[in-house]
Structure formats: structure tokens, C-alpha cells
Amino acid sequence: MTTANERWDLRLYTAGQSPKSLAALSNLKRICDEHLAGRYSIEVIDLMKNPRLAKDDEIVAIPTLVRKLPAPLRKVIGDLSNEERALVGLQLRPHK
Amino acid sequence: MGKPERPIAAAKSSAPSLRKARTGIDGLDQITEGGLPQGRPTLVCGGPGCGKTLLAMEFLIRGAMQFGEPGVFMTFEETGEELAQNVRSLGFDLDALVAQKKIALDHVRVEPAEIEENGEYDLEGLFLRLGYAIDSVGAKRVVLDTVEALFGGFTNEAILRAELRRLFRWLKDRGVTAVITGERGDQSYTRQGLEEYVSDCVILLDHRVNEQVSTRRLRIVKYRGSTHGTSEYPFLIDAKGISVLPVTSLPLDHEVSDERVSSGIPRLDAMLGGAGYYRGSSILVSGTAGTGKTTVAASFAHEAAKRGERCLVLAFEESPKQLVRNMRTVGLDLEPYLRKDLLRIHASRPTFHGLEMHLVQIHKIVTEFDPAAVIIDPVSNFSSSGSNADAGLMLLRLIDFLKSRGITALLTHLTSGGSAMEATDVGISSIIDTWLLLRDFERGGARERGLYVLKSRGMPHSNQVRPFLITSEGIRLEEGADAPAARTHNRPGGRKQA
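So the sequence lines, in the order shown, correspond to chains S and V.
Take 70 as the starting number for the first sequence in our numbering and just add one per residue.
Take -12 as the starting number for the second sequence in our numbering and just add one per residue.
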């Protein structure tokens, strides 16, 4: 599914310090540390501060996680509370 | 259209507190009595291709151009480029308005295939985008077209509904006048029941095909806190955008003129109490084929233009050039007046558009050209593009409209062979003030034409059937023995025969 030295470029769109945004960020960090230790980066974009950036990745829902790399682009919306589904959504694990 | 119509004049007493944002769309401001509710959302719904996106866009563009209210167009379907292209055909330069920061466009693309849902989310991103767009131009107006598309992009309907409710409340809090479009549903006005959230004003658009003729109609389903026209109003989309035609039945209180205008045929004037038609009256010239209806009509047009009055000819059978050529042969040179723009000939076929479409067009031309006289040649053609009842109703509206503007209207009507001479199949005789009948008869082995005045309200008129010739100098009525005609007025079995 994922080769050992592939770079993971992730972007998390949030709106301020909302509970859902905070939950998504902590869930994401946990998943990444567990499965992608040392080869991922997370860029957090707060649309409260930079609303014009929402256009770039066609953001409607908050929070939205965008997998920029590896291609293809994937989006997962929600607070990522279901780790199993998050892994499938990011294609870290094959669809069962 | 069977609903009772409320005359607009009688409905003026609504609460003055409700402020309205003018749309600038022809006729729509009239039936909404001032525009859409200001600072509140309005739902515009209808089936595919009914014109809702265009109406929303025109509301926005006119707001920015005419009323100094910048706007945001958020589309969930078409791209900005597509939108700009669509409105360019209506003469609006959307790109320029965007460049001048009078309008902000945002195309929201939701691609379900690349989205996975996982846990709690909301649509704050949409709010922030919309807020950003509003702030970037200082928008007073907002269009969301078609927000229901979101339902295709997200699976959690409960979240969507809660968020839409929040969105419409948020729009109100921001104080923007919003138009939200929605696709017509089977059971409800919109597929997702948006009317539940947008309750201030709901406008329904409809596109119907009846006997192969399509007509667009608009109806205001609801307008909280305001009176409004309740009928279905035909509307049209043409090169200048949307025009809605208010079909208010005019109260019978239009100005009446005592002034008389010549028919262009001196002896006919003599038959009509010696002075011709009343200005602002309606005149019907009916007869079978080839009896000279168009010539009688053209004489009047020629005379009006000669006096320096503007005259509009709506020709449904002949092209302008053909009409000019034919009339030249009977001594009526219309060409110079066409050049001076005193005379305009608008030729079209009623079957080409629906009846209403036609009526809307005539309204537009009349309003723009502002003629003193209008000639419709012939009205019988209307019934070929709709049922007789529809055609009659439409003519009634048209004549009412012309009368309300003090325009003299001359209509010709082709009586088909076999049907009663004194009947019009469109049933308009009651609204006609002066009715001339043309007929042919045989005399001494020749076909001759005769004219008589069937009725002429408010004036003494001749009761004779007067033979006439169409000569190279126009219509020549045979000298009558009864001039001045007043003497034989209303006397059944008049004594003299011409």
C-alpha cells in the first residue's frame, strides 16, 4: 500500500480552535505517528485567519484533511474520530 | 390564469416597514410592489431551464450596475467562466464587473468521489468563503445557485440540513438580500424542501409547452409581510434579459380624449361624424380576404406619420419591405416616415413565439418607441398560436395596455369565409370602440368592395354600405348622399342608398 520512504504531505483545514478542529488535529497526529513516523508533514490552515485559502482546495466542510502527497489527492472531512476509516480514507490501508 | 387578479392600485396599503431591494428586472418590481425583501433571503425555484440562474444573475448585475449594491454570486454548478459566457449574450460584461470589484464570483466545486467522511464536521468552510467574498466587495446582495447541489456531495443529511438552516439565518444576520435557487421537486417547491428554511419570499418559475408553443411563467408563491400580484405572469428572456409582464386587469378609468384623429381617408372621416376616430380609442377593421383591410390600416398609419406622430405597425403577414412596396402602389409612400423613425414596422409571426411572449415583446416595443398609434395587422393571426380563448384574453390585455397609454389602436381582422361577418373568432368586439366592416359583393358582373361602420361609440356615424375603390391614390369611397352623416345616425332602415 505505501512504500517505506514515500513522503506524506498533509494539509488540515480548520476554523479557529473549534472542538472539531482540535479533535481532528490530535487524531491526525496520532494516526501519523503510528503509521507514518518520520515521513509526514502536517500543515494546518486556519480559515478563520485566511479565508481566501479555502478556494485552493475547494474547502466547504470543516475540518477537512487533504492528502497532497502521495498522489492522487484525497480529502477526508470530519474529526477523524474513526481511526479505521481514516486509514482507509487516506489509503493507508486497503478497503475491506 | 383563471385566478382573480388583484389590481395593483388597490393593494398599496401594505405595511410601510418592509424594505425592498429593487431587482431592476422589467415588471418584476411591479408585481412584487418594489422588489425582493431587503436583507432577507428569497427562494427562486423551478425546473431545469426555467431561467432561475439568469433571474438570480440579473438581480445581482442590475444591483451592482443600477443600484450601487455590489454582490456575490456563489455557484455550485456552473463555473465562473460559464456564467460569464451566459450573461454576455445578454449584454452584461461580468468580467468587467468582477474586475471593478462590484461582483465577486465563487464557484464551489464538491467532488464526492474524492471525499471521505469521517466523524463530525460542519460547513464552516462555506460560511468563511461566503463571508470572505462578501467582505471583498462589500456585498449587499448574495446569490446561491444552486445550494442543493451540496446534497449530492455529502452523505450526512442531518448535518447538511442543520447547516443550511444556520446559513440562511447567517445571511439574515449579515443583512444581505439573498436569492437562493432551487430545483423543483415532485412534491415540494424544491427537491430538498428549501422553502422550509427560506420563508420570506418564494418565486416559482415555470416553462410550459402548450400546443408546441413554449411559455415561461412566473408566480410569487409567497411574500411574507407584503402584498403582491398572485397571478401567473408570463415572462420572456431576450437579448436584454428578463421581462415579466404584469397582467393586471386595468380598471376602466383611463383618460379619455375628446380629440379626433383622421383616418387618412377623408370620406371615411365624414362617415364617422365628420372627424375620424377618437384619439386613444380602439378600432377594428374586419373583412374577408382581399377587401382592403391593410390598406385602410396603412392609410391611418400614413396619416398619423404625416401629422408628425409616431406610429407602430405590427405586421404579422407581410415583411416591412413588402408592405412598403404594396402600399406605394396605392399611393401611400411610407418610406420617408420610416427613415425619420416616425413609422416603425415590426414584422413577426405569432406562431414563432408563444402568445405571451408576443405580448411581452409588443409591450417592450411600445414602451420603448412610445407611439401615438399602433396598428396590428391582423389580430386573427393570434389565434393560430394558441387557443381562441387565450388569444382573446391576450388581445384584451393588449388593448387595455394601449388604452392606458392613450394610444390609438387599429386592428385588422380577417373574417374567414363562411363565418358570420359580424363575429370575430377571438371575441373582442365588446372592447372595440369603432368597428369598420369591409366586404365584397357583386354588382353588374364585377366584384366590388364596400365599407360600412358597424359601430362607433360616442359619435354619430353613417349607416350606409359605401362602395369603394382602391386606386393608385389610395382608398376612394364613393360619394355618399348622407354627408354630414349625423342625420342618419342610429336610424334603423336608413333611407338612402349609395
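Calculated from the structure, these hints are not laboratory results.
Just to be clear, a hint being listed does not mean it is correct.
[Said to hold, decoys possible] Derived, one-sided and incomplete: chain S residues facing chain V with beta-carbon distance under 7 Å: (1) Lys98; (2) Ile100; (3) Val113; (4) Arg121; (5) Ala123; (6) Pro139; (7) Ala140; (8) Ile146; (9) Gly147; (10) Arg154; (11) Gln160; (12) Leu161.
[Stated by the list, open to error] With a cut-off of at most 25 Å between alpha-carbon atoms, the simulated PhoX-like pairs for lysine-lysine come out as follows: (13) Lys118/S / Lys308/V; (14) Lys308/V / Lys293/V; (15) Lys118/S / Lys293/V; (16) Lys137/S / Lys118/S; (17) Lys159/V / Lys88/V; (18) Lys88/V / Lys124/S; (19) Lys308/V / Lys124/S.
For every residue, glycine included, the Cβ atom is placed at its ideal position computed from N, Cα and C.
Checklist line | Broken hints, by number | finding: 1, 2, 3, 6, 7, 11, 12, 13, 15, 19
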